[in-house]
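Student: Sequence:
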Amino acid sequence: MGAVISAIAALASWTVFISVKNPDNAKIPKLLRPLVFCFALLMSALFLQQTLGRAVVVIPAGEVGVIETMGTVDATPLTSGVYFLNPLSKVVTYSTRLQDIKETVDTSSKEGLNFNIDVSLQYRLNPEKAGEVFSSLGNEEQQREIIISRFRSLIRENTAKYDLSSIYGGKRAEISLVLVQSMQEQLEPLGFVVEEALMRNVILPENIQKAIQAKVEVEQSNQKKELELISAKRDAERKIIEAQGVADSQRIVSQSLTDQIIKLKAIEATQKLAESPNTKVLIMGSGEGNLPIIMSDP
2 MGAVISAIAA
12 LASWTVFISV
22 KNPDNAKIPK
32 LLRPLVFCFA
42 LLMSALFLQQ
52 TLGRAVVVIP
62 AGEVGVIETM
72 GTVDATPLTS
82 GVYFLNPLSK
92 VVTYSTRLQD
102 IKETVDTSSK
112 EGLNFNIDVS
122 LQYRLNPEKA
132 GEVFSSLGNE
142 EQQREIIISR
152 FRSLIRENTA
162 KYDLSSIYGG
172 KRAEISLVLV
182 QSMQEQLEPL
192 GFVVEEALMR
202 NVILPENIQK
212 AIQAKVEVEQ
222 SNQKKELELI
232 SAKRDAERKI
242 IEAQGVADSQ
252 RIVSQSLTDQ
262 IIKLKAIEAT
272 QKLAESPNTK
282 VLIMGSGEGN
292 LPIIMSDP
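Counting in the numbering used here, the sequence shown runs from 2 upward without gaps.
Quick caveat, the hints were computed from the structure, so don't treat them as lab data.
No incorrect hints appear here.
Derived pair list, reagent style DSSO-like, types lysine-lysine, alpha-carbon separation capped at 30 Å:
#1 172 / 162
#2 103 / 130
#3 172 / 103
#4 211 / 172
#5 216 / 226
#6 211 / 226
#7 225 / 240
#8 211 / 111
#9 226 / 240
#10 211 / 225
Computed spacing ranges between beta-carbons, pair by pair:
#11 103 / 211: 25 to 33 Å
#12 196 / 105: 15 to 23 Å
#13 190 / 232: 50 to 58 Å
#14 186 / 90: 31 to 39 Å
#15 206 / 143: 29 to 37 Å
#16 206 / 140: 33 to 41 Å
#17 186 / 206: 27 to 35 Å
#18 175 / 238: 36 to 44 Å
Positions of the beta carbon are idealized from the N, C-alpha and C atoms, including for glycine.
Based on the provided sequences and hints, a complete structural model is requested.
Tutor: Here's what the structure looks like:
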């Protein structure tokens, strides 16, 4: 629009200047001729500057350009580089870098308990769909508003499927994964790539936080008691095994000593009989335990 206005102003200025130079036009003072000439030159220079400025376009790295000419959007986006375009064309640039939206959302759990949650959404524009995004969503601020609105809605929808202890406790990763998948389904058709959805912090009312903390402490205490019972049971089993081993060892030793004592007593009795003057010893072979067989001759 600025180039068109400059062109009209330049054309009008040159028309007036030519009219002033006409000797037959005595109504216009000669003193105005230099002023009209300078104004015509200024408008012409402004027109050239705006025309050349619109014809030469530089797309920086990390951005993509969309060409709009007289209301028509070019489907092929401009990547980073220098381009010479139709002066009547307008180029709208979008960032293709990773964007990070941080929000605090008021939501509720499966039990209907209200709480706040700090979340982050990391996404980027798909460069190939920049033209579609320009036509359907508009500028980056309008895009951001739509994305935030859908992100908030999906957070409320998904947290309502989980109880509060799961959200506050060990299922954050699962909920984040569900959020990523849901946002991908919502935003990819619009021309965006979702990288990550993060649950940074769950902000609970004080009374609920105390109740959950008490529940966690009870569960931890029960787990500790179970571990102590298991440890005591294993310790008792170990002691039983040790006692059984000691008993078996003592039984073996006792049996061995009993056999040795019997043999020793037999040897002592044999020796006494052999030393007796009234006993005649006849060895007829070996008896039990390799003891001699002693017979008395009447």
